[in-house]
Amino acid sequence: MEILMSILAGTLFAAGVYLLLQKQLLKIVLGTALISHGAHLFILTMGKLNRGKPPILVKGIEDYTDPLPQALILTSIVISFGVTSFLLVLAYRTYQSNKTDMMDQLRGTDDE
Amino acid sequence: MLHIYILIPFLAALVIGLAAKKVSRIHTGWFVLPVPAILFIMFCLKLPVLAEGKIVQSVADWIPSLDIQLSFYLDGLSMLFSLLITGIGALVVLYSIFYLSRKEQLVHFYVYLLLFMGSMLGVVLSDNVFVLYTFWEFTSISSFLLIGFWFYRDRSTYGAQKSMLITVFGGLSMLGALILMSNTAETNSIRVMIANRSDILESDLFVPILILLLVGAFTKSAQFPFHSWLPDAMEAPTPVSAYLHSATMVKAGLYLVARFSLIFSGSDVFFILVSGIGLITLCLGSFLASRQTDLKGILAYSTISQLGMIMAMLGFGTGVAILAAIFHIFNHATFKGSLFMIAGIVDHETGTRDIRRLGGLYTFMPISATLAFIGAFSMAGVPLPIFNGFLSKEMFFDSSLKLGQTTGFAGMFAEWIPIIAVLGSIFTFVYSMYLVFGTFMGKSNVKQLEKKPHEAPIGMLLSPIILVVFVILVGLLPNLINEPILAPAAAAVTGDLAITHLQFWHGLNAPFYMSLLVIGIGAVLAFTLKKWQPVYNRIPGKFSSDHWYQFMLNGLLKSSKIITGFLMTGSHRLYLSIILLFMVISTSVFMYFTDGFKISFDDLAPITWPEVLIGLVMAVAAIATILMTQRIAAIIVIGVVGYGLSLLFVFFRAPDLALTQLIVETITVALFLLCFAHLPALKKSDKKPSEKLVDFILASSTGALLTIVAVSSHSSKSFETISKYFVDNSYKLGGGDNIVNVILVDFRGLDTLFEIAVLGLAALGIYAMIKYRDKGDMNH
Amino acid sequence: MSNLVFLPIFIPLFVGALLIFFNEKHSLTLKLSFVSLVLNFGVSLYLTFFVFTTHPLILETGGWKAPYGIILVADQLSVIMILSVNVIAGAAALFAYNTVSHKMVKHYFYPLFFLLIAGVSGAFLTGDLFNLFVFFEVLLMASYGLIIIGGSKHQFRESVKYILLNLFSSILFVTTVSFLYSVTGTVNMAQLGQRVAEIEQEGILTGIAILLFIVFATKGALFPLYFWLPKSYIVPSPVVSALFGALLTKVGVYSMLRVYTLIFSHKLELTHTFFIWVASITMLIGVIGALSTSNVKLIIAYNIMPAIGFMLLGIGTFSPESLAGTIYYLVHDMAIKAALFFLAGLLVWHAGTSNLNKMGGYIKSSPLLGWMFFIAALVLAGIPPFSGFVGKYLLLRGAMDEEHYIAAGIGLLSSLLILFSVIRVFIGAFWGELKEEPKEKVNQPGLIASGILIFISIALGVGAEWFYPYIQSAADNLIDPQIYIDFVLKE
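Protein chains in written order, with my numbering: chain A, 1 to 112; chain B, 113 to 892; chain C, 893 to 1383.
Treat the hints as calculated values from the structure; they're not laboratory data.
Every residue gets a Cβ at the ideal spot worked out from N, C-alpha and C, and that includes glycine.
Take the hints with a grain of salt, since some may be wrong.
[Said to hold, decoys possible] Distance condition first, Cα-Cα at most 25 Å in a straight line; then the derived BS3-like pairs of lysine-lysine:
1) B:K134 <-> B:K215
2) A:K99 <-> B:K796
3) A:K53 <-> B:K829
4) B:K710 <-> B:K829
5) C:K1327 <-> B:K215
6) B:K836 <-> A:K53
7) B:K799 <-> A:K99
8) C:K998 <-> B:K673
9) C:K1045 <-> C:K1250
10) C:K1256 <-> B:K215
11) B:K643 <-> B:K555
12) B:K829 <-> C:K957
13) C:K998 <-> B:K883
14) C:K1382 <-> A:K99
15) B:K844 <-> C:K1045
16) B:K795 <-> A:K99
17) C:K1159 <-> B:K829
18) A:K59 <-> B:K836
19) C:K957 <-> C:K1327
20) A:K99 <-> B:K883
21) B:K134 <-> C:K1382
[Stated by the list, open to error] Listing some non-contacts, in silico: residues in chain B with all C-beta distances to chain C over 12 Å:
22) R137
23) L385
24) T475
25) V732
26) L786
27) P801
28) D849
29) A869
Sequences are here, hints too, so could you generate the full structure?
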């Protein structure tokens, strides 16, 4: 299962990176969302899947799934959310001020 | 003690920099003059100590833990240079008082000059190689500032930049050599290095060390092929040219070679490089001097050539040659110093230094002319025993002849050396004669000059007169300076105390005939110079060092534009592609070499279909995101991926994650919808198929790499995780049933605190972005 | 005592949060900033004093001991970094005093500024790899806010690229941390060091080390991962550029310094040799960039890279001497890079253009600025006796001692080109005929701020003996990771 999930996470990464390489800002933002998903899936997978119960203590049960990766993912999800929202607004403002959402028109020169 | 000697010029610079503007009525130079004069006397007072064969030394702390100590010592060689630095320094300051008008930025001038004086003393007195290097770079910097003294002239700034680039280049090369030497000999002290010279001589790095060190010396002393900065340095005020660029700073390279020759002189490489480059420079410099038209240009190339001659003698390494080199260092300072000063006077009084516009000035300025003739004859080595230049040139010929007796590798070259020596000297004779006869004799062009020429004021003549007195005095009585100054200096270079009694008349021997030959051919060439000049002008051109400097500089600037333009295109796609490529290649290469790939099926969760199904849907949705052409459709498919992920979290027993992911995904989708409404519609990619292929390869190899690393990591679990502690103590110590929550708020509460900070920051940033709308008003 | 370790993070965090509510009150904001910076400087000075005179400090946050909870570790290297950050912060605040407009203040310049400091300080103090990621995000998020404050279209344009590339590397960071967790079962740096040493960094670990290097190298702007840096560093206000140039890339270097001494130092012949090559190319590409442009700010921005290259050279060489060189260079470069960004900013305002070809002769209208720039140029190029020399000396010596002659040669060559690239600015802008009348007078507090930093750079060189032994001691602690591991895990 872990191998399959690694492949899935890798696929999410690949699709996200492909989008990052596109010219349109909108697609790029979508790409970052996909990559974050991929990363979170990686983290979860790295802590072994489906071992023991959900990490909520219940009397009599000793075996729980690894809680630490879950905590790390939670932190990371929130941070990604912050960055993604920021990026979205930035994309919007960039489009507004530069009158284009195509990255190849957002190059700039030395002398400004 | 010696610290004070070095400190005095720096302190004086400070005082003058701060105070002199207050007394603008008196020429600043008068306040500066006592500094070198007193220092000169102070050094003279140490002469008796040296005469006893002792040296003066003193040490103070600078960075003891790095063994970079302010340790100074004064031996014969340092003494010679110190006397030149302070003696010529005093004369130059005196001269400058009359040369520079009070309207100039005198404070700047004298501060730079004093900085130079202190640094130069530091160079010749340092025992610690890195302190030597420090002062060495400072001489380059003060020279830069002095050349650029008239900073509004393009030629000055050009010359300043050129001299700095070339001499700092040499300085850094020297630094490389010094670090290697210090690593090899395990000391930073020159004297200890000399004492343990076998460490360096037997090192595998001997040749690189030698070459690096010599590059430093050659650049500073304007040796071929680094000589081209010196003519451009003539943009400095003439006192500076007389002082830095003929008498002192350019001799720092000679000092360096002389100082370290006890270590290197036995080696053939040293002999070939030093005397070879020296002789080439001698010939090239004197040849190029003959075709200059600017008085200071002639003198600049002449300096290059003379430095080459001294360098060659240092390379010969025999007792006679070293003494001759030392002698000539002194003599050159006297006659070249006086000639520079006269050139300055001519410039000052006539408004031009172009020799083609000058001529017949003897009638207007007889004293200057006389002084110039004596200086030039001494420089040309005219065989009259009243010129000190003749004596040292005679010794030069003598030592070149005696090389024939040496055996070994050096002997193979030796036969040719006297011929080259004569050749170089012929042109020396030519330009010397051209210089004085062209300026002071012949037809007068006075009417075309901007000013009516007349003799310079006595104050201005004083310094060159003193120097010329030395030319003749030493010419007549060489032993006056030999025993107290020259012999100890030579002894410091060769390592033994053989005082050669300097004869002032050698009789009719081989060197004398060589001199006669020089004069015979030289006279013919000199007086038919005009006919020869077209030939002169034809030869260098593309092969000149100046041309190469320009070529390299332009090439550097141009190629850096091209390279940077090629990399920094502003295209994020290129940037990201290179980053991905680098990541994929370097990581996989390293994994390959360290046997990183690993796959183990031992410890895996069983495959269950619901998860696989969700995974498949997510994969399809992720790929579909790429293909979507509608904004809404894109948002829906990306939502599928996000919600799929929260479903997976449910299945993989991470309820908190699932919940959070659900909420965040919902908000994100809402945000997407909100923002996308304001952004233009998705366009169909207009990329070429090849570009798409590249994107595909990069994307899939990134995904593949991460998958492989993940699988390998999962297959290499080597330790028990720290999570057991959380499971065991979540309730006991953390007081909560939900382990993930306890970790977040307690075990790893710091993460959570700052995760909130990140959210807050994002909110601030978003607010600022939306509210801050005033374009172009960012500066104040 | 150990609670003291949290203060350099807490004070800016608290003040930053507080100032959000006072964004309309300009003078109150300035006063509060001043007081808190002085306080924070005092704290970090005391912390440094304490750590060097007695012993390093550990703060177990929430009372959870390592390796389970997050710990903050104030060892010698960390406190040196913290002290330097606070010096830079103070100078930056002085520079900001009247170069940052009311409008910028209203749009949360100071909260962002303080949170940037909090994030940077956190990154220097944390002893936990995942927590390092969190602090990275804090400082990056603050930098995202700072880079767009002002709202011009170049700022948006360049910040998009800046954020994208940094976002990618951040995501890669967490992913790599999870890989490392899978192999070693921990995220505590000391325990990572211990466990990686136990299995001699075998198998996949070196691959992970390289991935992590990619992450830090992107933050630190090493070739070929530097692309985001030059242009994005010149679009914001000079004080922001200075903070970025002085602090952000240094966090990347610090992380490398920590991770590749403490954790991944068992396959030196592979990883660290690789670093030396990357370092050499970075130096060259950086100076080449600096020579390629006539935009004054861009020249300074490109000059960040050769400095980072020098520091990585020391990590790659991995000897006590060269690591000391890296730390020395790190401290030196913080001061002088900030100073140069300040000076370039002042010059550009003075001239009304950032194009060097349109400048000239300003030594007459602003001699102080000109001479400061001149000295700063010498400091940057590593001319003795200024601060750049000591670091460079140690690095070159270390590299030659370990027979990395080519890298040392490139280091020497790039020193020359660094000097050329900045002296060009001096010659072009200050010498020559006055081409255009200066647009405005040079800002005095700005000059004072630059002057303080230049003075520090000179002191770091001339007074090397006051600093070097401490730095060498910090380096000696790095070269033997067991010291750190034992101290943290108390075994």
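Q) Would the pair K799 of chain B and K99 of chain A pass a check requiring their Cα atoms to be no farther apart than 25 Å? A) Measuring from Cα to Cα gives roughly 21 Å; hence the hint holds.
Q. Taken at face value, is the distance from the CA of K99 of chain A to the CA of K795 of chain B at most 25 Å?
A. Holds - the C-alpha atoms of K99 of chain A and K795 of chain B are around 15 Å apart, at most 25 Å.
Q | Holds or violated: K643 of chain B to K555 of chain B, with C-alpha atoms at most 25 Å apart | A | Holds, at about 18 Å.
Q: Starting from K1045 of chain C, check that the Cα of K1250 of chain C is at most 25 Å away, please.
A: holds (23 Å)
Q: Would you assess whether L786 of chain B, listed as outside the interface, keeps its beta-carbon beyond 12 Å of every beta-carbon in chain C?
A: holds (19 Å)
**Q.** Straight-line alpha-carbon gap K998 of chain C to K883 of chain B, limit 25 Å
**A.** OK: K998 of chain C and K883 of chain B at ~10 Å, within 25 Å.
Q: For the pair supplied as a hint, K1256 of chain C and K215 of chain B, confirm whether the alpha-carbon distance does not exceed 25 Å.
A: holds (15 Å)
Q: Verify the proposed pairing of K134 of chain B with K215 of chain B, using a straight-line Cα cut of 25 Å.
A: holds (15 Å)
Q.
Hint check: K1159 of chain C vs K829 of chain B, CA-CA at most 25 Å. Holds or violated?
A. holds (19 Å)
Q. Given the hint that K1382 of chain C pairs with K99 of chain A, does the C-alpha gap stay at or below 25 Å?
A. violated (59 Å)
Q: Grab the minimum beta-carbon distance between V732 of chain B and chain C and tell me whether it stays above 12 Å.
A: holds (22 Å)
**Q.** P801 of chain B non-interfacial with respect to chain C [C-beta, more than 12 Å]
**A.** holds (25 Å)
Hint check: violations occur at hints 8, 14, 15, 19, 21, 29; the rest are consistent with the structure.
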